[in-house]
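**Q** Go ahead and model the full structure; you've got the sequences and the hints to work with.
As they're listed, the protein sequences go chains D and X.
Mapping of the first sequence onto UniProt numbering: residues 1 to 512, in sequence order.
Mapping of the second sequence onto UniProt numbering: residues 1 to 242, in sequence order.
Mixed in with the good hints there might be a few duds.
Computed cross-link-like contacts, DSSO-like style, restricted to lysine-lysine with a CA-CA straight-line distance of at most 27 Å [said to hold, decoys possible]: (1) Lys26(X) to Lys128(D); (2) Lys119(D) to Lys26(X); (3) Lys65(D) to Lys26(X); (4) Lys110(X) to Lys123(D); (5) Lys12(D) to Lys67(X); (6) Lys110(X) to Lys170(X); (7) Lys67(X) to Lys459(D).
Hints listed in this document are in silico derivations from the structure and should not be mistaken for laboratory results.
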Amino acid sequence: MAAPKFEVPELKGYTDIPLLREGAAAEVKSFPANAQIQEALGFPGELAENWQETAIGRMGELLGKYRSLQVFMDACVHCGACTDKCHYYLGTSDPKNMPVARQDLMRQVYRRYFTFAGKYFPKLVGAKDLTREVLDDWYRYYYQCSECRRCSVYCPYGIDTAEITMAGREILDCVGIGQKYTNEILGKVHRIGNNLGLPGPALLDTLTGLEEDIEEDTGFAVKLPIDVKGAEVLLITPSADFFSEPHVESLIGYAKVFHAAGISWTLSSLASEAGNFGMFIGNYEQMQKVALRIREAALELGVKRIVVGECGHAWRVAYSFWNTLIGVGLGAGADDKYGRMLQQQLDPNYPQPAHICEVTYDLLQQGAITMDKEANDHRIITFHDSCNVARGSRMGDMPGGQFLIPREIIKSVANRFHDMAPETILEGTFCCGGGGGLLTDDLMELRVKGAQPRMDAFKDVVDNHGVNFMATICAICKAQFTKVLPYYGFDMSMVGGVHQLVSTAIRLDAKQ
Amino acid sequence: MSSLTIFFALLFYLATALLVSGLAYKIYIYSRTPAPLKIPTMPAPTTTTGVVMRMGREVVLFESLFKSNKWIWIFGWMFHFGLLLVLLRHLRYFTEPVWGWVVLIQPFGKYAAFAMIAGLLGLWARRFLVDRVRYISTPSDHLMLALLVGIGLTGMAMSFVVHTNIVGLKEFMLGLMVFDWQPLPADPILLAHLSLVALLMIIFPISKLLHAPGIFFSPTRNQADNSRDTRHVASWAARLEK
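**A** See below:
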């Protein structure tokens, strides 16, 4: 690791609320997308002459299409409850990273063009024209938000800054200003089928290699099937699981679970990506287009169940949006042909879609798989709730299952577990600092500083409970922590997946 | 009929019309705008009854604010519930005979004004003392507090310091409601109080006071967590399915 060009926060085991420093993160800016990347998604390649008119027009459309945006623009009273809730504010102390200030970047424009008070008394209510400076601030600070929704937990009106960030990015895209990282990846999904740009044959190779590795390690012929028609389960997982460390360890874990439980399953080369960056840029059509591959694969392979691997934002999209976007779910009405076409194929006895943790947890409950807990005795484990899982989804039958189920799995596969400080987990969990389209090296300073609240809480359990492993169920969290842990003096191998732990402990011989 | 009476009678008709029509328009906009995606802040209730309970806790107890910041919560709650009692007590000026329960809460309603003012001053102090809140405060945020404090102080002055001709005021108000105008007592404190109230009514639908109807339409709070079991598609999004 090269010496950082910025100051890495010093960890204390808890995070203080900093005094604000104006412009502290003003220089942090991700690389913009070039014209080719933009045009591939149907956005303009550059800022046109009449960009201001286009932007205001698009804003008006969004206000009419999204109740969230309309209500959130009006309802804020500037009470200040959210001001100390964003990890990017806590880490950078830039006031524009306070949720309300981030929202106000758009609210000032909303007031100027869409409200009586802002049209006639702009100074009084802090309304501003949409100038190039304001647009630049939008790009800067809407790409310093990971859309983690922590602020929405604490707002008395439930204002969710993620909704405003998404609208901001959508308007920026519509006037030709996009972010390279996110939009390039979206292009890859459309072209090749996954975020990593891994073509079918390469994927096949990788899976074969993994099967050989597993057999060598365990002596069991655990398979990683792909494109198997008539399989019971279609597994949709982030493409990072195929290639990156520690992600691949969890993929091996899923395979072992299916193997041990005797469930037929398959991956799909058409839908080889669970991630959906369409959500990050707040573009409904992009999000739907990315998700459509999964619908097509499910129909083509004739599967009965759709299961999603360890990926935070993908699980939010799957759990909360798939039924809406592509009909993966249950409960389509009698006249809803589009929904019913897929839903009559899916088995209503299972949640659709299901999280891999729900599958493993159920199998554990039934005694269909067994664990050798001592195999994980070298690890003292804590669990990082991923933001999108915690605040954007659920697992199991009851609210809060998304917190309970992964922890119960960990406790079933390992003997030693310690939670981090209560205000930093569950619904109040801190984002890893790399979510929402910010997992790019050009934002390294933001990623390191944004991780501070999580790293502080982690340090506390490392120092006081000897924790040496932080389990998580998100590909972005894993990639982010692998990169960021060393900045804080921790070993990068301290982060890994829940199914990495399952993989270590699961007994493959139980049923043979 | 004095010109003062005519002026205030017309002012209150105008203020009421603007308040009612402005709020009705905003509520119409909120209810007409679709929420295309399920975005409740999780964990969220899975049933409609659960959602009603969540909204109830949010509106009555300020649940999220309580989780967030105990100072804002205590000041905000003191202000809003002080205001509620004060408003309910004021029903006595609009009803004849006065309803039993309004008589009952009269003493509480009178002293609730102190809680209301204390809450407002606490919230205002934060706008100066906390650097983060100072940063986000606009002139209108300060003026809104000044307006509410002004209404509270003029009201309290009439309750506790210099009594106004309350019988005359009540006749004026009862008359207004049936378009039979009665003379308004020309007490400067009363006139100040009424003017500020009218101003508040007028700016309500064009200001941040829209948080009052807004909370009920907030998708992160009013949606049930049932996206896997019911297919939720907005009309504009359904068209994309072809």
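**Q** Evaluate each hint against the coordinates.
**A** Quick rundown of the hints versus the structure:
Simply put, lysine 26(X) and lysine 128(D) have alpha-carbon atoms about 22 Å apart, close enough for the 27 Å limit, and the pair holds. As the CA atoms of lysine 119(D) and lysine 26(X) are separated by approximately 17 Å, the hinted pair is consistent with the 27 Å bound. A C-alpha spacing of about 15 Å is found between lysine 65(D) and lysine 26(X), which places the hinted pair at or below 27 Å, so the restraint holds. Between lysine 110(X) and lysine 123(D) the alpha-carbon distance is near 37 Å, which puts this suggested pair outside the 27 Å criterion.
With a C-alpha separation of about 24 Å, the suggested pairing of lysine 12(D) with lysine 67(X) holds against the 27 Å cut-off. A C-alpha spacing of about 17 Å is found between lysine 110(X) and lysine 170(X), which places the hinted pair at or below 27 Å, so the restraint holds. A C-alpha spacing of about 24 Å is found between lysine 67(X) and lysine 459(D), which places the hinted pair at or below 27 Å, so the restraint holds.
The structure fails hint 4 only (numbered hints given earlier).
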